Each structure stands twice: as structure tokens, then as C-alpha cells.
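Keeping their order, the protein sequence lines are chains A and B.
Note that the numbering used here gives residue 363 to position 363 of the first sequence, counting from 1, and the numbers run on in steps of one.
Note that the numbering used here gives residue 1108 to position 108 of the second sequence, counting from 1, and the numbers run on in steps of one.
Be aware that a few hints might be false.
Stated by the list, open to error - One side only, chain B facing chain A, incomplete, derived with CB under 10 angstroms:
| hint | residue |
| --- | --- |
| 1 | I1014 |
| 2 | R1021 |
| 3 | W1443 |
| 4 | G1446 |
What the hints contain is simulated information worked out from the structure, not anything from laboratory work.
A quick note: this is a predicted structure, and the numbers were derived from the prediction, not measured.
For each residue, glycine too, the CB sits at the ideal point set by N, CA and C.
Chain by chain, the residues:
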Amino acid sequence: MFSGSKIEATISDKLRSINYLLLFLICTIFFIGILALYSISNGNFSEWPLRHLQRFIMGLIIFFIMVLLDLKIIFRFAYLIFIASIVTLMILPLVGDEINGAKRWISFAGFSLQPSEFVKYTLILALAKYFHSMEDYHDNFISKLIIPGFIIIIPVAFVVIQPDLGTALVIFLGGVSVLWISGLNYKYFISGILGFILSLPILWQYLKGYQKERVFTFFNPERDPLGNGYHITQSKIALGSGGVSGKGYMEGTQSHLNFLPEMQTDFIFTMFGEEFGFIGSIVLILLYMAITGISIRMALISKSLFSKFLSLGICSVFFIYVFVNIGMVTGILPVVGVPLPFISYGGSSMLAVMFGFGLLTNCYINYNTTLTKSSFI
Amino acid sequence: MIESNKFIFKKYDIEASINRRTAIITIAKAGLFTILASRLAYLQIVDKDKYKILSDNNRITHRLLEPQRGIIFDLHGKPLAINRERYEVVIIREETSDYIKSIENLKNILPEVYIDTEKLYSEIKKTKKFIPIKVLDDLSWDQFSVLNANIHKVDGLYPQIGFKRYYTSGPSHSHIIGYTAPLDKKEKDSNTLADLSSAKSGKIGIEKSKDSNLRGKLGSKNIEVNVNGREIRELDRYESTSGENIHITIDSELQDYCYKSLNDQSGCVAVTNVKTGEFYALVSSPSYDPNLFSKSISISKWNSLTDNMYKPLINKSISSQYPPGSTIKPFVALAALENGVSEKREVYCNGKHEIKDTSLESGIKTFHCWKEEGHGKVNMNEALKVSCDVYFYQISREIGIDKIAEVCKRFGFGQNVFDTFFEEKKGIVPSKNWKLESIGTPWMVGETLSAGIGQGYFLTTSAQLSIALGQLINGGEKINPTIFLNRNKDTQKKKKILLNQKHLAIIKRGLEDATNTLGGTSYRSRISGNLKMAGKTGTSQVRVISSKEREEGLKKNNELPWDKRDHGLFIGYGPINNPRYAVSVIIEHGGSGSGAAAPVASKIFKYLFDNKLNLKSKRISNV
């Protein structure tokens, strides 16, 4: 039995309630992505920009589907969606396409999808439903730590073994952000951080050779400027040489002469920063900040706990994406392959982030909807 | 309801908690965004100049431009050493991610060329990653075009057009011109072209001695490259400076003629202008194809050159030392004249000259004349004409070795003729001091006798003989031997090294008679006509003839193995009334001077008289 608004909102009502400022900002950033990809393709629209546009349109469709779906149905199937996404992760080693020694992609009906991108959001869905339905808010240990912690560890573990440490980290931090919002006692966070620091020497043993190299390289990129440090060194050179006003659109030498690695995906911020300079970078960061801020405001007006947790979790995942990506290309974080939302060329991340913002908008337009507790599926 | 109340209470509680926690996390996010912005400000504002330079270093590559090596011209302006285009391929390791793959692809593109991959890979590993290493040299134009069309398949490989040295005049000029080859290890630190993969340096001859003039200066260009090092556009260019052209005094036609005159015998020829000291020919035989070295030479070819008993790689005209034999006699005669021996002084030659030698059982050491039965009574003129050894034993013994040595040194024996060739040998003029210093034992009288006929310790070179004769015959004017054309002839007054012109007249008469009167040693090689030559033969032994052997009867030269036969020498000048040329000919193990060397010299003089003398004015206008 569901309780909630007595009159079911019509589709047009729903569409009218969408936060169009958010959608406008998303489109603006997407447009910047098209500009960047057009520059990388040396003015060839039919290559990357066109595919990017197609994906964005598909993303918008997913966005609107998620907006128009009944929130109650989303709530009801939250666990199921989560479990389905975990199952895809589980079968990846059997059916996944191996690229660069990692099985991250699954081909389906001509599409190649990266399930781990979606797990970031489905985990938030599951956690939101869990906390919404939680019985005892005073039980910090079992209810707020052990059970949700278990829910988080499952997808993280599967992504780690792919291996894809970067995505695993984003999933983990996204999940932890929900734990934080749930009011889990500070002492667990403090002891978690301390425990992490203390266990570093042990974790170190389990890191693979190339992962250790990446850590070394992070602390000293000049140590091996043509090997592991190459990416980050070239990225810093590109950004720095862009200066205040940039080298000019389509004039970036680092990018157009191919010194920059992974330009169309993980390092796209760098190529934008090289061509548009500090002014361009700051404008882009401000756009991301605006989206983050607006999303948080949208999240807080929701009445149901599910909506709140879901929206705030999605905000955090989005923020983590942006921060880790820009932090990585500017050399303040180690290089872990994390795309920049709406700009990086990549289908899965585009569809996933639109899926996330669809959920967020759904919560926003249904802020009045209340949901009952549901202990299980 | 109780449960519901509890729920509402809890709910209120959790709402506040969520808001508080969200506020904290929002502040944290704002803080982290600020960190990103600060980081970007640091990179793009504070450090922008540093990164601008690094970015330019990335995109701008410095490429060296090979200079053209200077051209070597002969006396008449004929180019002897020139440069031709050479198509080559180099690899730069840092500009390919997988050089082995690039080389494999190259092999597929040009299946017909051979690449010693093992050697190449080890060189690639050893060399700094930004230094180009030669992969293929001397491709044909067709191969070069095919490669250029497929260049996208071979990262890190660059087709280049360079230059290769080409020698126009064949083996007759090989020794004196020399050749170039890739730098050796020692040169890589000092040579100004060392950074160039195709850098070569002269290894011998003029190519070596004038290497620093010929090599020119590197140019360079800055080009914008992509990450694979492919040139996108040229930013600027500093042209290389070609090496200096060098004009030498060698007359290419004469050089060829002399070489042909030797007719593949092992030997050498030097032709000098007696007034200027210019060498018109410096020939060594047998020879080799100088263009062998513009490609890398195969081991079997190299071995066949180095193992050859006739030593084709050696420039015999300056690097091989021979006992002068009787060709020293004009200088011994001069020493005698200067030391009070009269030209009229007569010596009786009975075929041998004996001196006391207590080390021998008989107590007597016998020195033989080349003519067993002896020449009878001879004076200086006759002694020069018939090359009587006994006469020279006698007068040498009278004046002593040091007087002979002094005269010989004054005319250039025992010293380098040129100061430019590291491969030149300076010969030996024996003297009492010399022996004490270099052998450590005192001089013995018998050694004076050997020296008096140009045997024993005496050693000289073909170039030395011609210059010594030249500066005697020109009236005793010291001349500066040279092989490089000097357009501003030095007008300085020449130093006289002859004490008395009468002495010269006596010696000249002796040499003229030796060639042009019946019974002279080189009479058979005389040139009839207005223009005549004169000269002295020499036959120098390369082994000691024991008395036992002498008793059993001397073996004829042609019965001996080649390398035991006597060297045949001849020094001559002409035309006799106004000497212009001095020529020395040495035929290694040729048997005798009169039989082997004098006929060659005669041919050369005849050629000079017929073809060169009247062209004097033409030559001046040409140079």
C-alpha cells in the first residue's frame, strides 16, 4: 500500500516542474564537450562530436524516462535494479570484452556498455531504500555501518577485480557519502580514515606492480617522464602553457600534436584548459559547482528519506566524478581513469550520469511524495 | 500510534541530522572546488611561463643540417672528390613506441634490402634515445620513393637525403686524396659534426689532413613535430656552411699517366716542380677503388686489401721507406766536394774494398762493388756515371759519416716532406749520434761505407728523393714542398742551401753522363731530342749477402722470391738545360734501378716534355 499525493500528476505537470536551470547547465557543459571534441577531431564533426551528440540525445531520453517514471515504482524496484546491476558485474568475467587487460565492457545489441558506470547510481538507489526503510536510527553499528557497508563492498569488490581501481573508488566514496548523510557516528569515519592510513603498508602488498608505479609517479611525475609520469607531465604542460587566456580554439599544440594522452576521454579537461586557458577552466569549474549546488538544493526539499538519500547520493557521485577527474589531470590526485561528466567521450558514463540526474529530477518533482517503509523487495 | 509517534520523532531527528551533514559535505565540496581552482590558478597563471617553455620543447624539434664537404680540385681545376646525393633512413628511438615493430615494417616495405637487425638493435639500445641512428644507407631513388609513400607505417624512421663522397679519378688518386668513413669513437667527442648520424671524417690522405677545412659547419632547423616526431612545419632554418674547396697541385692526367706507367708493379712515383716544390704527382701502386669506402666495405673486401702482399692501402710515395741505394751518391759526392775532395781525385776500383774487422775470423771485411770485375780508375764524374761503389766507399771513409749526414739532412733527407700527412714517414739519415741515441752502440767504419752507397741504416721515401734532388738541381734553393695550391706565390728570396755552384755543375755533369752517354747506368732509358732527362739509378738490397753466397755465385734477382729481390730506384730531372721537374721512381723488389725504375721515369719525362712543358702558360691562366 502506497501513501502520497492523492491526485496523480500528469505528464505535462511533471515536465513543467523540471528544474530547467539544471537542464540548461547540463546542456551548456555538454555543448562545451562538443566544442572540445570538435577541436580534437580537427574540425571533423562526423567523428567524435556526432557520436557524442547521439549519446547525449540517448541520455536525454533516459533522463526523461527516469523523470516520468513513478517514484514509487523506482522505490519499489530499487533493490532489484541494484541486484540486476550487480549480476551484470558478476557475469562480466564470463562475457565481458577484454580491453587493455581489463574486462569492463559488455556488448549488448550493438552497444558496448560499462556496467560499473551504472553501479555508481544503483548502489545509491539501494542505499537510499535501505536507509529509508531502516528501523532503528540509533543503532549506529549494525544498521548504519555493517549492513550498508556490506551493500557497498559487494559492487566495489567486483569492480576492483576487473580491475578498475578508479571506478571502484568512485563507487566506494559515493556509498560512503550516503553513510555520512545517514548520520553515522563521526567516530566511525575518524577510525575508518585512521584505519585506512594504518593499513596502507598491508594494502601496499596487494597492489599490482603498475598500480604501485602509478602511486610513485603521482608523488614524483618527473621520475619517469616518458613512462608512467608521461600522462600527468604532459597534462600539466598543456594546462600551464595555456596560460590565462589559452592558446585559442583549435590551437592547442599539446593536444593537436598528440602529446596529450586520452584526450577525448579522461584528459579532455586538459585540452579545453590548454585552448581556453585559466578563464575557460574556471568557467567550466563554476558550471560544475552550479550544478552541484543546485542539485543539493533540489535534494533537500524532498520530503521522503528515500528521495533525500537518493538525491544527495547522486550529487556526491557527480561531485566525486568531477573532482577526481580534474584533480587527476591537474596532478593533485593519482591517475585513475575517471571521465568528466557530459564532456568526456564515452557512452556509458554519459548514459549513467543522465540516468542519475533523471532520478534526481524525479525526486525533485515528486518532493511531496511520501513512501512507506519496505523492508525488502 | 505509539509506533507512529516514535516514527515521527525519529523522522524529525533524522531530518535535522541530514541537513547538518549535508551542510558539512556541501562546505567540503565548495572547499575542494576551491582547491581545484587554486591548482589551476597555480598551473595557468603562476607557472605558465615554465610550462610554455616545456610545451615548446615538446613541439619544437631541432634537426641538424648536414654541410656539403668541400670539393677537392686538381691543378687544372678538375674536381677529384665531389659529393653525390645519398638516400638513407635513420631511426630515432624516442620517437617510436616500438622500434622493433617499425624495423619489421620497414623490412616488409623494402623486402629486398638487408638489415643486420641484431647489430642495429644493440646499437639502438646503446645510443641515447634522441640521437638518430642509420638504418639503411645508399638506397636507390625507387626504394626511397616507396619508403616515403609508406612512411606512416614506420614510426620513428626518417628518410633523409644526405651526401656521399664520390671520387672521380679512380685508383690512381686513391692514396693521395684518401677517403672518408664514419667517425671513430675518439672523434665522437671532438668532431664538430659528431651529432650528425651520417657524419664522416677523412681517414687518410688529403681527406684526413684537411678534414677540418673540408667538413664545413652544421646547419640546423627548428621544426614543429607531433608526438611521433613527424614534421608538421618548419619554424626556422640556419643553413649549413659547405666546407672549403681545396685546390691541390696534383695534375690529374699526369697522376693517371704515372700510375699507368707503373703497370701494376708495386711501387711509387713522385713528380716535383724543382722551383716551386709543388708535387704534380704522388702515385702509389697497386691501388684500390676509393669509392669502396663511401658504402660500408665488406669484411672480405677489406681483408683482401689488408692481406695483399703488395699492400695496396699504403701510400708508398710517403709512407714506405726504402734504402736509397745509389740514388744517394749525388749527395755523397756533394759532401765530398764540400769537404775538400777534388773532382779529379781518382780511385782504383778492383771490384771490392777491404777494411779491418777484428770481429771476423779473417780480420778483414770486404765491401763489394756492384760490378764484380771492378771499374778500374774512376774519378767523380765517372763514378756517378757508372755508379762505382768502391769510389764512394773510399771517399765516404775519407770524409766520415757525419759530413754525409749533414749534407743529406740539408737537402731534406730524414725529415718529413709535408707537415700534413700523419701517415708520412721521415726516413733515417744515419750518423754517429743517431746510432748512439737510437741503437746505443758506437758507429763503425764499415757502416760509413754502407751509408756511402745508400745502404745500411739509410732510409728514405719517394717524395723525399724527388724534393732532395729538386732543391739540389734548381741551383740549391731551399723549396717548400707542397701539395696544396698557393695562389699567392711567395716572393720571398729563397734560402740557398748549396755552398758552391761549381759543385752542382760537377754533379749535374755526372748525372747527365749517367743517362745520356754510352755506359751510363740509365743510358738505355735516355730520351733523345731537344729535351733530355738526367738521373741516377739505385738498386737497394733488402737482404745481406753472405760471403758464402757470394762464393757460390750470386743469384740473379729473378731467381729469388719477389720479396727478396732488390728495390729498383731512379731519381731524375729534366729538361737538363733548364730543369723544371724532379722525378723519383721506386719499384719495390724490381730487381734494379736501371732495369725497373729508369724506364718508368723515362716514360714520365717524355710525357712531361710532350704534354706539359708547353702548356705552362695555359696552366697559369687556369689556376
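Okay, the hints, checked on the actual structure:
1. Given hint, B/I1014 at the interface with chain A, holds; its Cβ is 6 angstroms from that chain's nearest Cβ, closer than 10 angstroms.
2. Satisfaction of the interface hint for B/R1021 is found here, the shortest Cβ-Cβ separation to chain A being roughly 5 angstroms, below the 10 angstroms cut-off.
3. Using the Cβ-Cβ criterion of 10 angstroms, the hint placing B/W1443 at the interface with chain A is not satisfied: the shortest such distance is roughly 72 angstroms.
4. Violation of the interface hint for B/G1446 is found here, the shortest Cβ-Cβ separation to chain A being roughly 76 angstroms, above the 10 angstroms cut-off.
In the structure shown, a violation is registered for the earlier hints numbered 3 and 4, in ascending order.
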